[in-house]
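Protein chains: 2
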Amino acid sequence: MNNFTFQCPTKIIFGRGTEDQAARELKPYGNKVLLHYGGGSIKKSGLYSKVVKSLKDEDFEIFELSGVKPNPRLSMVYEGIKLCREKNIDCILAVGGGSVIDSAKAIAVGVPYNGDVWDFFIGKAMPEAVIPLGVILTLPATGSEASNSCVITNEDGWYKRGLNIDLIRPKFSILNPELTYTLPPFQTACGVADIMAHVMERYFTNTPHVELTDRLCEATLRTVIKNTPVVMENPRDYDARAEIMWAGTIAHNGLLGTGRQEDWTSHKIEHELSGIYDIAHGAGLAVVFPAWMKYVYKINVNRFVQYAKKVWDVETNLSDPEATALEGIKRLEQFFKSIGLPTTLKELDIPSDRFEEMAQKCVKFTPIGGLKRMTSEDIVNILNLAK
Amino acid sequence: MNNFTFQCPTKIIFGRGTEDQAARELKPYGNKVLLHYGGGSIKKSGLYSKVVKSLKDEDFEIFELSGVKPNPRLSMVYEGIKLCREKNIDCILAVGGGSVIDSAKAIAVGVPYNGDVWDFFIGKAMPEAVIPLGVILTLPATGSEASNSCVITNEDGWYKRGLNIDLIRPKFSILNPELTYTLPPFQTACGVADIMAHVMERYFTNTPHVELTDRLCEATLRTVIKNTPVVMENPRDYDARAEIMWAGTIAHNGLLGTGRQEDWTSHKIEHELSGIYDIAHGAGLAVVFPAWMKYVYKINVNRFVQYAKKVWDVETNLSDPEATALEGIKRLEQFFKSIGLPTTLKELDIPSDRFEEMAQKCVKFTPIGGLKRMTSEDIVNILNLAK
Chain A
2 MNNFTFQCPT KIIFGRGTED QAARELKPYG NKVLLHYGGG SIKKSGLYSK
52 VVKSLKDEDF EIFELSGVKP NPRLSMVYEG IKLCREKNID CILAVGGGSV
102 IDSAKAIAVG VPYNGDVWDF FIGKAMPEAV IPLGVILTLP ATGSEASNSC
152 VITNEDGWYK RGLNIDLIRP KFSILNPELT YTLPPFQTAC GVADIMAHVM
202 ERYFTNTPHV ELTDRLCEAT LRTVIKNTPV VMENPRDYDA RAEIMWAGTI
252 AHNGLLGTGR QEDWTSHKIE HELSGIYDIA HGAGLAVVFP AWMKYVYKIN
302 VNRFVQYAKK VWDVETNLSD PEATALEGIK RLEQFFKSIG LPTTLKELDI
352 PSDRFEEMAQ KCVKFTPIGG LKRMTSEDIV NILNLAK
Chain B
2 MNNFTFQCPT KIIFGRGTED QAARELKPYG NKVLLHYGGG SIKKSGLYSK
52 VVKSLKDEDF EIFELSGVKP NPRLSMVYEG IKLCREKNID CILAVGGGSV
102 IDSAKAIAVG VPYNGDVWDF FIGKAMPEAV IPLGVILTLP ATGSEASNSC
152 VITNEDGWYK RGLNIDLIRP KFSILNPELT YTLPPFQTAC GVADIMAHVM
202 ERYFTNTPHV ELTDRLCEAT LRTVIKNTPV VMENPRDYDA RAEIMWAGTI
252 AHNGLLGTGR QEDWTSHKIE HELSGIYDIA HGAGLAVVFP AWMKYVYKIN
302 VNRFVQYAKK VWDVETNLSD PEATALEGIK RLEQFFKSIG LPTTLKELDI
352 PSDRFEEMAQ KCVKFTPIGG LKRMTSEDIV NILNLAK
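Quick note, the sequences are listed as chains A and B, same order. Residue numbers for the first sequence follow our numbering, so the first one is 2 and each next one is one higher. Residue numbers for the second sequence follow our numbering, so the first one is 2 and each next one is one higher.
Any given hint could be a false lead.
The list treats identical chains as interchangeable, and a pair is accepted whether it falls inside one copy or across any two copies.
Said to hold, decoys possible - Once the Cα atoms are required to be at most 27 Å apart in a straight line, the calculated BS3-like pairs of lysine-lysine come out as:
#  : residue 1 : residue 2
1  : K347      : K331
2  : K365      : K227
3  : K311      : K54
4  : K12       : K44
5  : K12       : K28
6  : K295      : K44
7  : K227      : K310
8  : K295      : K373
9  : K28       : K172
10 : K311      : K125
11 : K54       : K12
For the record, the hints were derived by calculation from the structure and aren't laboratory data. For clarity, every value in this text was computed on a predicted model and none was experimentally measured.
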């Protein structure tokens, strides 16, 4: 086990009807709030009017910034920063999924910073202050509701880049599984792929003696795998929605990566794909992750055997560990297919003509990989395996 | 899954050599520190002089309060509160195991309170302020390093009572597994029993649909069960010590109890035993827990079958679930015995003459039990099963 520091102070408020508590939780931070959200879905569901009412009941002055898109854009972050400064806004309430939360996080670090907020995403500067952020989560997927990360797409060159720092964890996040009843099956499935990727990018490591976190990772994966078909069958199954929602937070609050080297290659490759082609992040992951696994499993075949056995109940073939490892990868692909996700680039209509460009961008700012350090050639190879 | 709120902001600093960071972590809170510890073991190990040096290097004025006993006493808490007030002490550094940390927590809430700190332990008042507390952990057991609980013994009547409130979580806790190398085997084993009890008192619940936390509990228990024989054999096995130490924190920081009713009967009964007989808490738990299990397993036999299967790999006897459940309980007893713990009151030289008195005290201030609500008669029955 490696030395580590872990701190996740985000307050989780979980369960039925909990969205009513947002205004009260924000109260200590001021009385001018930026309400940040995506499209019309929260209006259609009635969540918008509930939230506005509870904010007004607590005497908040509300400023709205809506229209956050999947793969949230830097231009809207700039807009949010400008609005917060002009109106002296005290705090942000993000109502939505990972895109809305990430956009809100970027605004939150951008407001007190004198330079260009994009500096934080290309390693040119590190944030030192933030305005307080609360969350009402409507889509379990990115884990952004309690994570220290935030991913923004810069339209100028379509760079999709992340920022990781404890400072940007939300003050509180409200998780009501009922709010996820109306998610379309494809979005639910994409969320599941993202949750599983967050766990697996921590699980596949060369760090020895990480038993507790191995077991916790397997526990989280198994819970998600078991409950996903239940919600695909019955989107209003509270208990299964709740398991997936809480798993989504645990998957990415940092606990499962304590004491181990992680490997975020698949996420990084997917960011290039969705940066250019604007595909759903989870769909991209369902394509890239198995390809990455096939490319690297021989480096630590025992770990892939353990994964096959402990996550997918594959019987170990002692005379052929590689076959066992491959069977584990196959089960993952089958699972993704079974919940309606693509597992090839072809299904996403992504041609091979820009593989080289994406590979170059992928390794441009920071080195990537853990289990295996990646060159741009490796990335092209993985993309070819994903065709 | 029940609605819940969960927040554990304690910063965990884990690994080799991390004790050097304590002074720097305390720095933001002031320059007068109460150094709180137990007996001479931290002096013998050299930890004391390392810590004092690093505090002096950061210009701290150090006030010492040592001599904390197992089952920490209210009288010393009073002493600590008096000292902190007289010297205008800014913060506390607890160096030791659960007793030292709990004593420090009680001092920390006592200092800003005008009344008697014991009020908090009998439900007469709730704390509203605290002075900051940092921890260097030397014994993985109570989980107090990140928990919201604290247990103190009032010598006037030998009442052992707990306080549970998020406010008392330490600001940071330093966990270096190397500091546990010198723990005697019996103390290591007692710590393990305490860790396992913290998980099991959350695991045995009637709350339906708690799959994620079930799996996380099983993961934690299995890790502890696997690594304990390793450290009994080789006390200087860093990796096994690390697994147990991190599991001890996870077991009791609240995560594993999210969304479920818990049942703290065994801990409560043990508090009566160690309150009167001053036995090691973990040894008392090793005796009480299996007895409690035998008394209640029929109430939710499926859960005890799941425990036998998922924690101890007991093969399910479909025609006789009760036999499977009992086999799980037997495995736990065997495990405790194998690491040198008692499993009967007789081994602790505790006679039956005060069972009734303990049972009365146990239910005196607050109702106890979750899986089954306990009367004083139930407590006597459990103690009889533990004879």
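At most 27 Å between CA atoms: does that hold for K347 and K331 within a copy, between copies, both, or neither? within (18 Å within a copy, 56 Å between copies)
How would you label the pair K28, K172 (within, between, both, or neither) given a Cα cut-off of 27 Å? both (12 Å within a copy, 24 Å between copies)
Status of K28 relative to K12 across identical chains (alpha carbons, at most 27 Å): both (15 Å within a copy, 25 Å between copies)
Should K311 paired with K54 be assigned to within, between, both, or neither, using CA atoms and 27 Å as the limit? Cα proximity of K311 and K54: none, with 47 Å in one copy and 47 Å across.
Under a CA distance limit of 27 Å, which applies to K365 and K227: within one copy, between copies, both, or neither? Neither way: K365 and K227 sit 38 Å apart in one copy and 43 Å across, limit 27 Å.
Is it within, between, both or neither when you check K295 against K44 at 27 Å Cα-Cα? neither (43 Å within a copy, 53 Å between copies)
Between copies, within a copy, both or neither: which fits K295 and K373 at Cα up to 27 Å? within (12 Å within a copy, 50 Å between copies)
Reference check for the pair K311 and K125, CA-CA at most 27 Å: within, between, both, or neither? neither (41 Å within a copy, 49 Å between copies)
Under a CA distance limit of 27 Å, which applies to K54 and K12: within one copy, between copies, both, or neither? within (22 Å within a copy, 36 Å between copies)
Copy assignment of K227 with K310, given that the CA separation must stay at most 27 Å: both (15 Å within a copy, 18 Å between copies)
Given a CA cutoff of 27 Å, do K12 and K44 count as a within-copy pair, a between-copy pair, both, or neither? within (26 Å within a copy, 38 Å between copies)
Checked against the numbered hints above, the structure breaks hints 2, 3, 6 and 10 and satisfies the rest.
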